[in-house]
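Residue numbers (the numbering used here), protein chains in the order written: chain A, 53 to 519; chain B, 53 to 519.
Hints in this document: simulated from the structure, not taken from any laboratory. Some clues are possibly wrong.
Identical copies carry no separate label here, and so any pair may be met within one copy or between two of them.
What the hints assert, rightly or not - Here are the simulated DSS-like cross-link-like pairs (lysine-lysine), alpha carbons at most 27 Å apart as the crow flies:
| id | residue 1 | residue 2 |
| --- | --- | --- |
| 1 | Lys216 | Lys407 |
| 2 | Lys318 | Lys299 |
| 3 | Lys237 | Lys441 |
| 4 | Lys407 | Lys505 |
| 5 | Lys167 | Lys503 |
| 6 | Lys407 | Lys306 |
| 7 | Lys407 | Lys167 |
| 8 | Lys407 | Lys298 |
| 9 | Lys306 | Lys274 |
| 10 | Lys505 | Lys285 |
| 11 | Lys299 | Lys407 |
| 12 | Lys76 | Lys306 |
| 13 | Lys503 | Lys76 |
| 14 | Lys503 | Lys298 |
All values derive from a computational prediction rather than experimental measurement.
Number of protein chains: 2
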Amino acid sequence: MTRCWELCVLLALVPTSALSQSAKQNSDLIISGGTLVTMDARRAVIEDGGIAVVGDSIAAVGTRSEVEANYQARHTIRAQGKLVLPGFVNGHTHVPMTLFRGLHDDVTLEDWLTKYIFPAEAKNVDENFVRWGTRLAAAEQIRSGVTTFADMYYFEDALAEETKAAGLRGVLGETWIDFPAPDNKTSTARSDYTERFLKRWRGDRLIHAAVAPHSIYACKRKTLEDAATLARKYHAPILIHLAEMKKEWDDSEKENGATPVEYLDKLGVLGKDVVAAHCIFIAEQDQRILATRSVGCVHNPSSNMMLASGVSPVAAMRSLGIGVGLGTDGPAGSNNDLDLMEEMDLAAKLAKITKMDPRALNAQAVVEMATIDGARALHMENEIGSIEKGKKADLILIGLDRPNAVPMYDIYAQLAYALKASDVATVLIAGQVVMRDHQLLTVDEDRAIAKAKEYQEKISRSLGLAR
Amino acid sequence: MTRCWELCVLLALVPTSALSQSAKQNSDLIISGGTLVTMDARRAVIEDGGIAVVGDSIAAVGTRSEVEANYQARHTIRAQGKLVLPGFVNGHTHVPMTLFRGLHDDVTLEDWLTKYIFPAEAKNVDENFVRWGTRLAAAEQIRSGVTTFADMYYFEDALAEETKAAGLRGVLGETWIDFPAPDNKTSTARSDYTERFLKRWRGDRLIHAAVAPHSIYACKRKTLEDAATLARKYHAPILIHLAEMKKEWDDSEKENGATPVEYLDKLGVLGKDVVAAHCIFIAEQDQRILATRSVGCVHNPSSNMMLASGVSPVAAMRSLGIGVGLGTDGPAGSNNDLDLMEEMDLAAKLAKITKMDPRALNAQAVVEMATIDGARALHMENEIGSIEKGKKADLILIGLDRPNAVPMYDIYAQLAYALKASDVATVLIAGQVVMRDHQLLTVDEDRAIAKAKEYQEKISRSLGLAR
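One chain only, chain A, in its complex shape (with noise of 0.2 Å):
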């Protein structure tokens, strides 16, 4: 009997396994489980979902048992009780201010930059600073979440080195200011440079090479100009910080007869390749020609807010269909933190606050911002931005195990005003599992605390600080 059994269950299995074994296609990864937030053109929520991911791309998108039936996997990733996204995409800051974090708040904007920042950055800023200041950026980035972010700083390539190194997906602006940078201090070695910067990067699978005229107030027409010429010879993205201060636009008016935004289109450097940072100063006109040229915006509702700048009118630029993504901007001076999931909460909360109306932006509104249409400010919304198939695997799993997580009546609004970036336990970037479980993969977090500790010494030494 008994060997007559084990016969029975070899003859059942073993056949059958082998069959569906070939039957089913090979991927590298299937996520398994949990509440798929998929942010696709239907804003499908599946439940009990399955996602194969092949090389750095997702094969499949399903219910669990559809993913499972049709693919094979060397790992799994449960995400059984958990909710799973596209990655976060932080559309606008500078990551190695890191090391400047909190350093002289609370000021004026024009006291923070001659007082403080500017003379910091000055005795401070080099290529070692900018390795350490993305690498603390990256650690904490992961943590909350971001898989994308767009930056604008100097020593970009080292920043773009690092970037890689952490497995992050990165659209990485060097930029052209007209006074000495730090790294580049003529505009022949800066156009160099750039040009070296945007061959290297051709091609990458992470890295996306560009060009950052700061701002219509700290670049010259020239600057402007040919920033926009060089970024287009190599099809690449053009960062820039456009209608932030009244100041700006002030000036803009009185210099050029022209908002800042017509100015920089009659310029003819807005274009589908154009990321926007801030956009708050911004007239109906203004929003016309932003969705005509499809330039994508990228409100930075924390920093907005700590400089006083003024509120970007979001929800009329989404309504006009112009992508807007949301952004942390840099980490000193003007948040302080890297945290995409308090922006949506804030963005949020500006909007309603401003408009007195607590229907003006709402909890799914910000969380497409967050992802779907912070693709589309990055003009990447082909790459990344939903779960789908074809697009690249940058998946977050969210946990639901806290007291803040609990109940859940609405997911957006979950996502929105209730989980937190410490609810983020696992990312995969483009395939690869960068957090497992809260534990970072990819960057040697401790080491990198260690050294912003030392920058800190150093950098408070460097402008007579005691502690």
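Start from chain A and add chain B according to the hints.
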């Protein structure tokens, strides 16, 4: 030689040790090391600090070496590399509403109340609901460093039992409202219930029973007066929503010929036992009345933004000497969490953008509002709110070992803008350790979370909601 050396060591050590032991005073617990952010009158910050705790109180504060020279303890908590603060004070909330978290956000207050929350409360709020909601909220509040909270809800006696069981300090107000409440259906039942409640908790070490007439728009004149009279008979605090809505102001002007503050003052309700939540529609003469009457005020930035209520003139009230604390408000419809650290961040940023001045309310001010001024708002500044000898040992240890925590140039800026609830590692209330290294000790968190999920199903069914 060996023996001689051993003898010398014995001679050198034993008597000294014995001597120093005998010279030292006994304490129950020493917090050893760490940076003490005392929030005392001098706002002293003590590096490598020490705190001796005897019973439920602080017996000594100083440097580690000073305290350890004078005190011995059975238990030591090592705080090296951490910030040590007085526990945060959540000055206004409705904790059982955790169980309604995220139930229909992004709608007007009127719709939210009449279409969603009142029906949901009528169908679901009973004593068990209050118990489980309070338990879940206790876990969430302790995790974010809250050691004292002020609450207004129903079945407040059950809420008090749960609060005490969690080891939290609470100012707990039984709500008086002029329609049949979930607990007491008549004004007589309400008076009787509240009087029993006030008597029961007199002299309790953690629970301050209070009376909470809801507001001038939800309570008739007699209700307000009776509530105040009963509270004063037992020297209990009076908690009230005040000047939260424009309509409240308009109606009061029309019906009472007075602002909401003037009206309450005329009724004799205002005094140094009153805690007024919101205080948004507050004229200059109202501010003077609040200051003269020593009313405590509680600012709820998240709620005021979420519901588009308006912005409280916090800086002006502070400059008149009013004790202005911070509150999360209820975690449904108006926040949706109980994270007081986010309220610090929001309070500063909201004041800045409202005044279009980044100096409007600074980091130190919002840390004060979360600690010593929160204590003043609750009229408990002699008991809690700072780390000082004789005050209650309500203490929190905040880790600095995450990427968002470094570098740190300014402790107050770090607390207000960069550190998160998830950085709170250890919490003591009245000398009892309620969370140690992120592990809750007084609440069965898993059970509270499981129960919240059960309530989610039950409440969804009661409202005919599909998931």
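Does the structure break any of the earlier hints, and which numbers would those be?
-> Of the numbered hints, 1, 3, 4, 10, 12, 13, 14 do not hold.
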